[in-house]
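Respectively, the protein sequence lines represent chains S and H. With the working numbering, the residue at position 65 of the first sequence is 65, and numbering never jumps. Quick note: to get the working numbering, add 1000 to the position in the second sequence (first position is 1).
Just so you know, these hints were derived from the structure itself, not from any lab. If you're wondering where the values come from, they're calculated on a predicted model, not measured in any experiment. We treat Cβ as the ideally placed atom computed from N, Cα and C, and that holds for glycine. Misleading hints may appear alongside valid ones.
Claimed, not checked - When the alpha-carbon atoms are kept at most 27 angstroms apart in a straight line, the in silico DSS-like pairs for lysine-lysine are as follows:
#, chain 1, residue 1, chain 2, residue 2
1, S, LYS101, H, LYS1160
2, H, LYS1160, S, LYS89
3, H, LYS1160, S, LYS88
4, S, LYS101, S, LYS88
5, S, LYS101, S, LYS89
Said to hold, decoys possible - Simulated coverage check for chain S against chain H, where a stretch passes if three residues somewhere in it have a Cβ under 8 angstroms from a Cβ of chain H:
#, stretch
6, 14-20
7, 55-61
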Amino acid sequence: MNLEIAHYYLLVSAIIFTIGVLGVLLRRSAIIILMSIELMLNAVNLAFVTFSRINHSLDGQIFVFFIMTVAAAEAVVGLAIVIAIFRKKVSTDVDEINLMKW
Amino acid sequence: MIFAITAAVAILSAIIVVTHRNPVVCALSLVVNLCCIAVFYLLLNAMFLAAIQVIVYAGAIMVLILFVIMLLNLPQMERRREPAGLLQSILGGLLGVLFLYAIGRALSGYSRGFEAMPIREGFGWTESVGRLLFTNYFYPFEVISLLLIAAMIGAIILAKRKI
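Assemble the whole structure, with the sequences as input and the hints as a guide.
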């Protein structure tokens, strides 16, 4: 693998992260927002692995391992919240979840 | 060459994730995206992470998300919803361009002048990652187990109808 294309990996990571941000901002379905968060986490993981390869240090890969665990926990709790709200409102639209709106 | 194809597929599937109306299609194209990122990991000498990516992310987490989508019968719910407003889309697009520019500026400092470093034997394989995980990162590793238990208990309590 040649390291001259390492900045393309970072570019792909940035593009995927931006798409995830747009998904969080523009979509209204709570589950699709959760999936966009997964996209962003994966983009950051890709950047971590790229830096790990560039600096020839395994610490970045350990960080990715931890991020994956946190992402699993986040997905589980997020989906449980979605199910709990769906029981009350029969909808996953985040515009209708205005319980804590001031 | 492999990189170019994989990058194109990854970006395309990411766009499908945030634009498609049917949540099942979104979830399946997210699986495609995760597999593409696993290929990137392989190209970057992170074999252990590539395996974990496919098993944990594309396997476990995506099955969970698909299960919830099917349980709540979301594809029918999604049909009677109006698309995002025009103003919202324009503002979001502008913000996206700005965001990409900012990240590009931040990353461009790193993108020049790499020496092609030779890879040490076993870099990124399970043995080296596991050795580091159980020496330098042992306490974070134990804290992670606590976090997973907390998440599990929290999910059970949230999803239970009556305690």
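These are the hints, each one checked on the structure:
Only pairs whose Cα atoms come within 27 angstroms are accepted, and LYS101/S paired with LYS1160/H is accepted, the gap being roughly 25 angstroms. At roughly 16 angstroms between alpha-carbon atoms, LYS1160/H and LYS89/S fall within 27 angstroms of each other, so this suggested pair holds. Between LYS1160/H and LYS88/S the alpha-carbon distance is near 13 angstroms, which keeps this suggested pair within the 27 angstroms criterion. Proximity of LYS101/S to LYS88/S is assessed by CA-CA distance (about 17 angstroms); at most 27 angstroms being required, the pair is judged to hold.
For the hint pairing LYS101/S with LYS89/S, the CA-to-CA distance comes to about 16 angstroms; that is within 27 angstroms, so the pair holds. Here's how the stretch 14-20 of chain S fares: 7 of its residues keep a CB closer than 8 angstroms to some CB of chain H, so the rule of at least three is met and the hint holds. For a cut-off of 8 angstroms, the count of residues in the stretch 55-61 of chain S with a CB near a CB of chain H stands at 4, and the three-residue condition holds.
No hint from the list above goes unmet by this structure.
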